[in-house]
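S.K.: These are the residues of each chain, in order.
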Amino acid sequence: MKTDLTDKALHSEFRQKVEALSGQNLSDCYQCGKCSGGCPVEPFVEVSPTRLIRMVQLGMEEEALNSDSVWHCAGCGTCNGRCPMGIDIVRVKDALRKLTKKIHYKRGSLEAWTFYEAFLDCVRNFGRLTEIGLMGGYNINSGWLMTNVKKAPWYLMRNKLGVSPHTIKRVDRLQRVFKRIEEIEGQ
Amino acid sequence: MKFAYYPGCSSEGSGAEYARASEAVLEALGVELEEIDDWVCCGATPAHATSHLLSIALPAISCASAEKQSLDILTCCACCHSRLKQVNQEVRDDPALRAKISEIIEEDYRGSLNILHVTEVLAREVGLEAIKARVRTPLKGLKVACYYGCLMSRMPEALMSDKSEYPMLLDNLMDAVGAEPLDWPYKTECCGAALTLTQTKTVIRLSADVLQMAKQNGADMLVVACPLCQANLDIYQAEAEKLKGERLSIPVVYFVQLMGLAMDLDPKRLCLDRLIVDPMPILAQKGFVHGAVYL
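These protein sequence lines map, in sequence, to chains A and B.
Throughout the first sequence, residue numbering follows this note's numbering, covering 1 to 187 in sequence.
Throughout the second sequence, residue numbering follows this note's numbering, covering 188 to 482 in sequence.
Hints are computed from structural coordinates only; laboratory data are not their basis.
Wrong hints could be hidden among the right ones.
What the hints assert, rightly or not - Label pairs and their in silico Cβ distance ranges:
hint: 1; chain 1: B; residue 1: K189; chain 2: A; residue 2: G136; range: 53 to 59 Å
hint: 2; chain 1: B; residue 1: Q276; chain 2: A; residue 2: D4; range: 37 to 43 Å
hint: 3; chain 1: A; residue 1: I103; chain 2: B; residue 2: K429; range: 34 to 40 Å
hint: 4; chain 1: A; residue 1: E183; chain 2: B; residue 2: D224; range: 53 to 59 Å
What the hints assert, rightly or not - With a straight-line cut-off of 27 Å between C-alpha atoms, the simulated DSSO-like cross-links for lysine-lysine are:
hint: 5; chain 1: B; residue 1: K455; chain 2: A; residue 2: K151
hint: 6; chain 1: B; residue 1: K330; chain 2: A; residue 2: K169
hint: 7; chain 1: A; residue 1: K150; chain 2: B; residue 2: K402
hint: 8; chain 1: B; residue 1: K287; chain 2: A; residue 2: K17
hint: 9; chain 1: A; residue 1: K169; chain 2: B; residue 2: K287
hint: 10; chain 1: B; residue 1: K455; chain 2: B; residue 2: K330
hint: 11; chain 1: B; residue 1: K287; chain 2: A; residue 2: K101
hint: 12; chain 1: B; residue 1: K319; chain 2: B; residue 2: K330
As the list claims (entries may be wrong) - To give an idea of the interface, some chain B residues facing chain A are shown, with a C-beta separation under 8 Å as derived from the structure:
hint: 13; residue: V227
hint: 14; residue: C228
hint: 15; residue: A381
Bear in mind the structure is a predicted one, so any value in this text is a computation, not a measurement.
We put the beta carbon where it would ideally sit given N, CA and C, even for glycine.
For reference, chain A alone in the conformation it holds in the complex (with noise of 0.2 Å):
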């Protein structure tokens, strides 16, 4: 992929958005590529991670959002380890995740969002997380309604699912922390 390297694509909002988010500073990689050699996903993705992390240099805001690498991230954390430069790729990934959210580049990020919102819900709602709350939220609002169905039977028969919710004593003060944190970062 070819870009023009101008001053403007050097300092685009949208990397200072990333670097904001990450608390990352992204001028410290010099793309040496051991992020992508340790990467267990790598082989599967269009995009490395070091070329991700390039794309949000030069500020490709639409090709970085929309590369599938972002959603195929396991958050293993192999890059940080390995990083020479002590980046923390890990960060710079949740923050494109985040900057993902309205704008639903590919169905992997919808299927992701879907996924966070429902295991954050149980925990909202109850202050834990249950199995079968998760996949039942997953499911239904994801409209893939038989993921792991067929699991289901042996999670059953090994009775591994929790299913009562165990709701917390003080869930009103949880409520309370997720509000207040909703107001500080202006969802």
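Given the coordinates of chain A, assemble chain B onto it according to the supplied hints.
M.R.: Frame of chain A; chain B shown alone:
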């Protein structure tokens, strides 16, 4: 020895066997646990992928509660451990963040505690010698591939001062109970983690690689210390077999279950019957369990 205990959400669902077996082993070795009062979910990936503040506030609520108990925190789940430890450190190092978080969670939180993973407590606080002395049936001849996954070995802030590319904590524990830990290359490969529901294919591909490598190295079982690794490696074995075109069928066992077995603890508390790939045939073949019939 006493700790504030953070069980984590999986202890009430898919990973209950891990929590129950850990509690049994810790009790047998004289470690006391006091459950953190009104603990909440650590937020895991969904919190840190969506909101930095939330990913700090959720663990902070539980840690602040433990601070009142004035006990260091012990947790079994590798994900909870990594979140709690990172948050504790971030808050301790940043006074501005400390003030902000304390205000958000309506409670004073200083980040003053140590956050320990159950493997650390067993290998370092209890000590390998004490464990060896408590073993009744050494697991002689059981070849185990110790699998650490990502969260126990990476994330610099959360490290357990073990080698990040070739950790040994689990291997040492397995050696202490008489099993034979293998030298194999996929100790810290990723299983796919929280992509289970959203990118199932990626999880199957990654888990299949780990399972196949364990098989090729002659492992009787995979030994894990993370509920998410266990779930991914255990539940997708049929798909992994299809992908690799070979029979895998490797039990994925929590390390505390094997420790409990070697220490002759009540099998009911070890919940070996809750695993999906049944470990009983191989355990019976090696003579560690007798006459057990499971599903």
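S.K.: Against each hint, give a clear statement of whether it holds in the structure.
M.R.: Hint check:
no.	hint	result
1	B:K189 x A:G136: 53 to 59 Å	38 Å, violated
2	B:Q276 x A:D4: 37 to 43 Å	42 Å, holds
3	A:I103 x B:K429: 34 to 40 Å	35 Å, holds
4	A:E183 x B:D224: 53 to 59 Å	27 Å, violated
5	B:K455 x A:K151	24 Å, holds
6	B:K330 x A:K169	45 Å, violated
7	A:K150 x B:K402	26 Å, holds
8	B:K287 x A:K17	22 Å, holds
9	A:K169 x B:K287	23 Å, holds
10	B:K455 x B:K330	24 Å, holds
11	B:K287 x A:K101	25 Å, holds
12	B:K319 x B:K330	18 Å, holds
13	V227	5 Å, holds
14	C228	5 Å, holds
15	A381	7 Å, holds
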